[in-house]
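Starting from the structure of chain G, add chain B where the hints point.
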Amino acid sequence: MRKILSVIKREYLQVVRTKGFIIGTILGPVFMAAIIFVPVLVSTVSVERQERIGVVDASQEIFMELDKKLDHKLKDGRRRYLIEDYKLPEDIDSLRNKLNQMVLDKELSAYIFIPEDISDGGFAEYVSQHVADFDKIRNINEALNSVIIEKRLKKEGLDPQKIADYMRRVRLKTIKVTKKGVEEDTGGTFIISYFLVLILYMSLFFYGAIILRGVLEEKTSRVVEIILSSLRPFQLMLGKILGIAAVGFTQYIIWALFGLTASQYSGSIIKSMVSSAVTLKIPTIPAYIFVYFVLFFILGYFLYGTIYAAVGSMVNSEKEAQQLLFPVSMFLIIPILLMMYVIRSPNSTFSVVLSLIPFFAPILMLLRICILLPPFIQIAGSIVFLVLAVLLMVWIAAKIYRVGILMYGKRPSFVEILKWVRYK
Amino acid sequence: MFALEIDSISKQFGDFYAVRNLSFNINRGTIYGLLGPNGAGKTTTIRMVMNIIIPDDGTIKVLGRKMDELMKERIGYLPEDRGLYPKMKVGELLVFLAELKGMKGNESHKRIGFWLDKLSLVDWKNKKVDELSRGMQQKIQFIATVIHQPELIILDEPFSGLDPVNTNLLKDIMLEMKREGQTIVFSTHRMEQVEMICDNICLINKGNTVLEGNLNQIKSQYGKNTVVLDYEGDASFIKGFSEIERIDDYGRHMEIKLNEQANPQDLLCKITGRIRINKFEVMEPTLNAIFIEKVGEKDAQNSVSH
Numbered sequence: 001m002r003k004i005l006s007v008i009k010r011e012y013l014q015v016v017r018t019k020g021f022i023i024g025t026i027l028g029p030v031f032m033a034a035i036i037f038v039p040v041l042v043s044t045v046s047v048e049r050q051e052r053i054g055v056v057d058a059s060q061e062i063f064m065e066l067d068k069k070l071d072h073k074l075k076d077g078r079r080r081y082l083i084e085d086y087k088l089p090e091d092i093d094s095l096r097n098k099l100n101q102m103v104l105d106k107e108l109s110a111y112i113f114i115p116e117d118i119s120d121g122g123f124a125e126y127v128s129q130h131v132a133d134f135d136k137i138r139n140i141n142e143a144l145n146s147v148i149i150e151k152r153l154k155k156e157g158l159d160p161q162k163i164a165d166y167m168r169r170v171r172l173k174t175i176k177v178t179k180k181g182v183e184e185d186t187g188g189t190f191i192i193s194y195f196l197v198l199i200l201y202m203s204l205f206f207y208g209a210i211i212l213r214g215v216l217e218e219k220t221s222r223v224v225e226i227i228l229s230s231l232r233p234f235q236l237m238l239g240k241i242l243g244i245a246a247v248g249f250t251q252y253i254i255w256a257l258f259g260l261t262a263s264q265y266s267g268s269i270i271k272s273m274v275s276s277a278v279t280l281k282i283p284t285i286p287a288y289i290f291v292y293f294v295l296f297f298i299l300g301y302f303l304y305g306t307i308y309a310a311v312g313s314m315v316n317s318e319k320e321a322q323q324l325l326f327p328v329s330m331f332l333i334i335p336i337l338l339m340m341y342v343i344r345s346p347n348s349t350f351s352v353v354l355s356l357i358p359f360f361a362p363i364l365m366l367l368r369i370c371i372l373l374p375p376f377i378q379i380a381g382s383i384v385f386l387v388l389a390v391l392l393m394v395w396i397a398a399k400i401y402r403v404g405i406l407m408y409g410k411r412p413s414f415v416e417i418l419k420w421v422r423y424k
Numbered sequence: 001m002f003a004l005e006i007d008s009i010s011k012q013f014g015d016f017y018a019v020r021n022l023s024f025n026i027n028r029g030t031i032y033g034l035l036g037p038n039g040a041g042k043t044t045t046i047r048m049v050m051n052i053i054i055p056d057d058g059t060i061k062v063l064g065r066k067m068d069e070l071m072k073e074r075i076g077y078l079p080e081d082r083g084l085y086p087k088m089k090v091g092e093l094l095v096f097l098a099e100l101k102g103m104k105g106n107e108s109h110k111r112i113g114f115w116l117d118k119l120s121l122v123d124w125k126n127k128k129v130d131e132l133s134r135g136m137q138q139k140i141q142f143i144a145t146v147i148h149q150p151e152l153i154i155l156d157e158p159f160s161g162l163d164p165v166n167t168n169l170l171k172d173i174m175l176e177m178k179r180e181g182q183t184i185v186f187s188t189h190r191m192e193q194v195e196m197i198c199d200n201i202c203l204i205n206k207g208n209t210v211l212e213g214n215l216n217q218i219k220s221q222y223g224k225n226t227v228v229l230d231y232e233g234d235a236s237f238i239k240g241f242s243e244i245e246r247i248d249d250y251g252r253h254m255e256i257k258l259n260e261q262a263n264p265q266d267l268l269c270k271i272t273g274r275i276r277i278n279k280f281e282v283m284e285p286t287l288n289a290i291f292i293e294k295v296g297e298k299d300a301q302n303s304v305s306h
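Residue numbers (this note's numbering), protein chains in the order written: chain G, 1 to 424; chain B, 1 to 306.
Okay, chain G solo, but in the shape it has when bound (with noise of 0.2 angstroms):
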């Protein structure tokens, strides 16, 4: 026991004083504050400037009307598209030759143009170099929509103003009921289960791929053999596995208590930042969730920590071992793949089955209770099964580990790897 803590203790203190360790832990946050930030941000201090906006106007009867619907005002309150009309003479061809210039020379950043059939469900086009600015063309196509519609109301007799007053949209609120009682969901259990699974399904890749390269460095440096002389390979194995599930536990850690700092602030330093006041409502875990959340998070690092550190101990190098990762890396990918179908149907048979297999049960159980809080008999049998698998996996791995960590040349075959774990 002594021996597996100095291993503990050397594993947790290499890594955690890696540049890669202090910058990734570091950078985490600051990457996922910049994913909130950097978009309101944005939206608040992009470029404003105003764009001349040129019509061609075939019908004759659009083009007052939709320079009042394109009132959209920049934040110093000029207009934000200034509308030219330009009259529709003998020749279309060579006034669009024209316009199509003066595109490209920048001096007007679009033109439409609308057809004489623009009621009657003739096409309007836009014309410009850049055809991907959905903020603005949205803009445009709202505005002649409505132009359009209004007048064929007008035509009918009817009052647009009172149209759409009837066909304002019901509203429909999404509540949750629980056990517990009723609360009004507002996406938060959505982006809680999509936060949850993928922080779990990540760490699996991350701290799998430490291990494995930790593994895989014992072998290559050839220390291995003087640290069996010390003690057994599999306190060796499990002093890492351990060792490295340290390093995540104090990057979970710093991360929360980032995550807490900014939970704090977050709200006003939006505010700060938008003058329209942002209600960012902040979704709570609830404690369940979260037991759950680390029970299969351990369970889960185990089951793969320990296939990572196996795989490791079979191969000579990093290229070698990306091979023999691949079916590895499809169990973890498998889940994922099957996400949007479980959040779809959380209680579906094939979903329940899924759920058990011991490979996909750390993502997609959790996912389930995130969903809809399964039968517990579901749960408990998902995290009886994952209990075994981890003790079946630990002994295989330990049996591969023992050999392979010793073996150096060619990458053994399947059989070969079969015959290990008979050894005594």
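No lab work stands behind these hints, which were simulated from the structure alone. Just so you know, these numbers come straight off a predicted model, no measurement behind them. Heads up, the beta-carbon is just placed ideally off N, CA and C, and yes, glycines get one too. Hints may be right or wrong, so weigh each one.
[Said to hold, decoys possible] Sample of chain B residues at the chain G side, in silico, Cβ under 10 angstroms:
id	residue
1	G14
2	L93
3	L100
4	G102
5	I154
[What the hints assert, rightly or not] Below, in silico cross-link-like pairs of lysine to aspartate or glutamate (DMTMM-like), each with a Cα-Cα straight-line distance of 25 angstroms or less:
id	chain 1	residue 1	chain 2	residue 2
6	G	K399	G	E320
7	G	K19	B	D130
8	B	K219	B	D234
9	G	K419	B	D81
10	G	K399	B	D68
[Said to hold, decoys possible] Some residues of chain B that are not near chain G, with every Cβ distance over 12 angstroms (derived):
id	residue
11	K87
12	E195
13	V228
Relative to chain G, chain B alone:
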């Protein structure tokens, strides 16, 4: 009491017998040579002694007790395939390895200081391992092997990669340890080193004992019918002489085994004047010659090319 008792151990990997019914005992306070060509089963044997792999059959007793994990703290093992964590500092690494041998902080710091000083590596204590030359790393590995003052020390090819100065230094340390009562198992295929250092030897081939016992006794069994000749000139004509059983010719140095009836003096007469003779010595066969004879030309060539 024996430092190491190996009683008919066997180890099989699939269909391949790495070690087959191997037995030998090692007296305390001696230097014991474990010899054999590549693939003879030396490393497998040593790993079984170290409890790294488990024998299929037979028993191993270390320092009078059945081998177990705790005994590892009383043994020092320098494997042939050896290295160090490249990114660790020398001092920290040695503390870690000493910890694994059950040493406490204070004691290990003192011992590490002593050994770094003895092998003139003090200035490298805070350097990372990958900044050290290969020879220096070898010396660090040696320190890791003996830091906990083990009663039994197993050295697999300890001199490989060392220059003559450091080889000599290490040899002196080995002899010093022997005087202090520590037992050393020394595995190599460098026969001249074994000849100079070892008290007893065990020669194994294909997992079996070929030769075992006191080195002097073994050599005297082979009788005084070997001639060592240092010469200049073309000595290839010697091969044709009828009294020759076998010759190892190194170009300027020749080891000649004569057959039972031959008289070394006759050989001297026959070659006088035909080549320049710098040395002509009648002696017991060298261990090298015994090794080659016992293991057979084919196996020996494999080991020489290593």
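Hints, one by one, checked against the model:
| no. | hint | verdict |
| --- | --- | --- |
| 1 | G14 | holds, 6 angstroms |
| 2 | L93 | holds, 9 angstroms |
| 3 | L100 | holds, 4 angstroms |
| 4 | G102 | holds, 8 angstroms |
| 5 | I154 | holds, 8 angstroms |
| 6 | K399(G) / E320(G) | holds, 20 angstroms |
| 7 | K19(G) / D130(B) | holds, 17 angstroms |
| 8 | K219(B) / D234(B) | violated, 30 angstroms |
| 9 | K419(G) / D81(B) | holds, 23 angstroms |
| 10 | K399(G) / D68(B) | holds, 19 angstroms |
| 11 | K87 | violated, 7 angstroms |
| 12 | E195 | holds, 27 angstroms |
| 13 | V228 | holds, 38 angstroms |
Checked against the numbered hints above, the structure breaks hints 8, 11 and satisfies the rest.
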